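Asks: Here's the letter readout for the chains.
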Amino acid sequence: MSTSILRITAREFCEREGVTEEQVVTIVEQGIARPTAGQQARDWEFDTTSARWMQKAVRLHRDFDLDWVATAMLVDLLRQRDRLHRENRKLRQQLRRFLLED
Amino acid sequence: MEFKDYYAILGVEPDAEKADIKTAYRKLARKYHPDLNPGEEAEEKFKEVAEAWEVLGDDTRRAEFDELRRYGGRRAGGFEPPPGWESRAAGGSHHFSGDFSDFFNNIFGGGFDAGPGEQAFHRGRPGRDVEIEMPVFLEETLADTQKPVEYELPVIENGQRVTRRKSLKVTIPAGVGEGERIRLRGQGVPGQGGAPDGDLYLHIRLVPHPLFDVQGHDLLVTVPLAPWEAALGAKVTVPTLDGKVTLTVAPDSQAGRKLRIKGKGLVSKSGRGDLYALLKVVMPPKAGDRARELWQSLSEEQAFDPRAEWRASA
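These protein sequence lines are chains A and B, in that order.
Okay, so the first sequence: first residue is 1 according to our numbering, each after it adds one.
Okay, so the second sequence: first residue is 1 according to our numbering, each after it adds one.
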């Protein structure tokens, strides 16, 4: 039996992704993620959904040699695309309840 | 081992300028980066491209690679580096932290090593994170639910890369939502050389329900009504995720009207959401003679123009 973990600490994130605490601060300053708990940067906690976007941000920043502003814009657009995909799926499903099959 | 022609992978000439190599890398990365293009095929392709850039984007490694390429890159059959080969670039900083090919590891050796500016916590190579889709039924989100998970992991056994099936039982916490991710620490690809194992991420997908649509923490159910039920009012038994409720439809109810059934939505941190009943008026399939007469007399007695709006804007 394995337990689900819904949080990750800044320190753990740094270890896993090979990034520094300063980079995590930058990620938060750029609005890519918001900590859910912790006063000091080293005690910050993130929910795993945010952590996943942080991970994507770190990779895109590194693999495309982007600055953090561009990275934040890109992640923002990717998130928006995800949200719109989900919403679109939902609305199509809803619409089907009112349309007759051809 | 197989010789990797990094120039061919990036589609550049062996005498290409570094700037051109970088442009070629970035173009291909745009096409195959796993964060921009989901799918395993893209990921594999990106690994190759990233590895090529890792070598050709570094002057020392590129010079060494050129030497090896002249030495025997074009020979048929397996490639072996010259006897006593030792890379001057081995153990240097790596830009990209994914899996490298056997060719790369043999030539530039040392495997994963954190470079300057990165925190060198581990000398081995940490395991990759794995993400899988986790379909969850709406009913399962009302309380903590245990679900079996099965997935495949690439592992190294006796120096061979093999695939192992893994099964786990995981607790899906009450109130999970579409697109959320659950992290299972250390259940991803095993690390090498004492480095930590990767994590497993479960990407939550709410399975579309035959009756209910999700709107945040609220649910929506479409309630079909006969025209006379909408006109005269009715008591209708409505299904919810847990049990049934009786809904009172007021006389003269309009199609498209939403009625709130409190506390029958999805579970959230701030309590349970609501269920909305959306009224939909449905015609009977075929009117008999008597029904046609009744409709006829109704139409004669009613001064109702359902398209009045059109006239106003025409």
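Please keep in mind that the hints were generated in silico from the structure rather than gathered at the bench.
Because the structure is a prediction, the values reported are computed rather than measured.
Honestly, I wouldn't trust all of these hints.
To be verified - Distance condition first, Cα-Cα at most 27 Å in a straight line; then the derived BS3-like pairs of lysine-lysine:
id : chain 1 : residue 1 : chain 2 : residue 2
1  : A       : Lys-90    : B       : Lys-45
2  : A       : Lys-56    : B       : Lys-286
3  : A       : Lys-56    : B       : Lys-262
4  : B       : Lys-286   : B       : Lys-262
5  : B       : Lys-235   : A       : Lys-56
6  : A       : Lys-90    : B       : Lys-244
7  : B       : Lys-269   : B       : Lys-169
8  : B       : Lys-269   : B       : Lys-235
9  : B       : Lys-45    : B       : Lys-27
10 : B       : Lys-31    : B       : Lys-47
11 : B       : Lys-286   : B       : Lys-269
12 : B       : Lys-269   : B       : Lys-147
13 : B       : Lys-235   : B       : Lys-262
14 : B       : Lys-47    : B       : Lys-27
15 : B       : Lys-235   : B       : Lys-166
16 : B       : Lys-47    : B       : Lys-166
17 : A       : Lys-56    : B       : Lys-47
18 : B       : Lys-269   : B       : Lys-280
19 : A       : Lys-90    : B       : Lys-269
20 : B       : Lys-235   : B       : Lys-258
21 : B       : Lys-244   : B       : Lys-258
22 : A       : Lys-90    : B       : Lys-18
23 : B       : Lys-244   : B       : Lys-262
24 : B       : Lys-280   : B       : Lys-235
25 : B       : Lys-269   : B       : Lys-258
26 : A       : Lys-56    : A       : Lys-90
27 : A       : Lys-90    : B       : Lys-47
28 : B       : Lys-147   : B       : Lys-169
29 : A       : Lys-90    : B       : Lys-147
30 : A       : Lys-56    : B       : Lys-258
31 : B       : Lys-244   : B       : Lys-280
32 : B       : Lys-45    : B       : Lys-166
33 : B       : Lys-244   : A       : Lys-56
34 : B       : Lys-166   : B       : Lys-147
35 : B       : Lys-31    : B       : Lys-18
36 : B       : Lys-244   : B       : Lys-269
Claimed, not checked - Listed next, the stretches of chain B that the computed footprint assigns to chain A, with coverage defined by at least 3 CB atoms under 8 Å from CB atoms of chain A:
id : segment
37 : 10–17
38 : 235–243
Ideal Cβ positions, reconstructed from N, Cα and C, are used throughout, including at glycine.
Asks: Lys-286(B) and Lys-269(B) were given as a pair; does the straight-line alpha-carbon distance stay at or below 27 Å?
Replies: Given that 27 Å is the threshold and the Cα spacing comes to 48 Å, the pair is violated.
Asks: Are the Cα atoms of Lys-244(B) and Lys-269(B) separated by 27 Å or less?
Replies: Given that 27 Å is the threshold and the Cα spacing comes to 24 Å, the pair holds.
Asks: Given the proposed pairing of Lys-280(B) with Lys-235(B), does the C-alpha separation stay at or below 27 Å?
Replies: Roughly 15 Å between the alpha carbons, so the hint for Lys-280(B) and Lys-235(B) holds.
Asks: Is Lys-269(B) within 27 Å of Lys-280(B), Cα to Cα?
Replies: violated, 32 Å
Asks: Given the hint that Lys-56(A) pairs with Lys-258(B), test it: the Cα-Cα distance must not exceed 27 Å.
Replies: violated, 40 Å
Asks: Lys-244(B) and Lys-280(B): Cα distance at most 27 Å?
Replies: Given that 27 Å is the threshold and the Cα spacing comes to 19 Å, the pair holds.
Asks: Would you mind confirming whether the straight-line C-alpha gap from Lys-147(B) to Lys-169(B) stays at or under 27 Å?
Replies: holds, 6 Å
Asks: Just to be careful, I want the Cα atoms of Lys-45(B) and Lys-27(B) compared with a cutoff of 27 Å; is the pair within it?
Replies: holds, 13 Å
Asks: Does the alpha-carbon distance linking Lys-90(A) and Lys-244(B) stay inside the 27 Å limit?
Replies: Roughly 24 Å separates the two Cα atoms, so the pair holds.
Asks: Check the hint pairing Lys-45(B) with Lys-166(B) against an upper bound of 27 Å on the C-alpha distance.
Replies: holds, 25 Å
Asks: Has the given pair, Lys-56(A) with Lys-47(B), been kept, meaning a C-alpha gap of at most 27 Å?
Replies: OK: Lys-56(A) and Lys-47(B) at ~15 Å, within 27 Å.
Asks: CA of Lys-286(B) to CA of Lys-262(B), is that 27 Å or under?
Replies: violated, 36 Å
Hint check: violations occur at hints 1, 2, 3, 4, 5, 8, 11, 15, 18, 22, 27, 30, 33, 37, 38; the rest are consistent with the structure.
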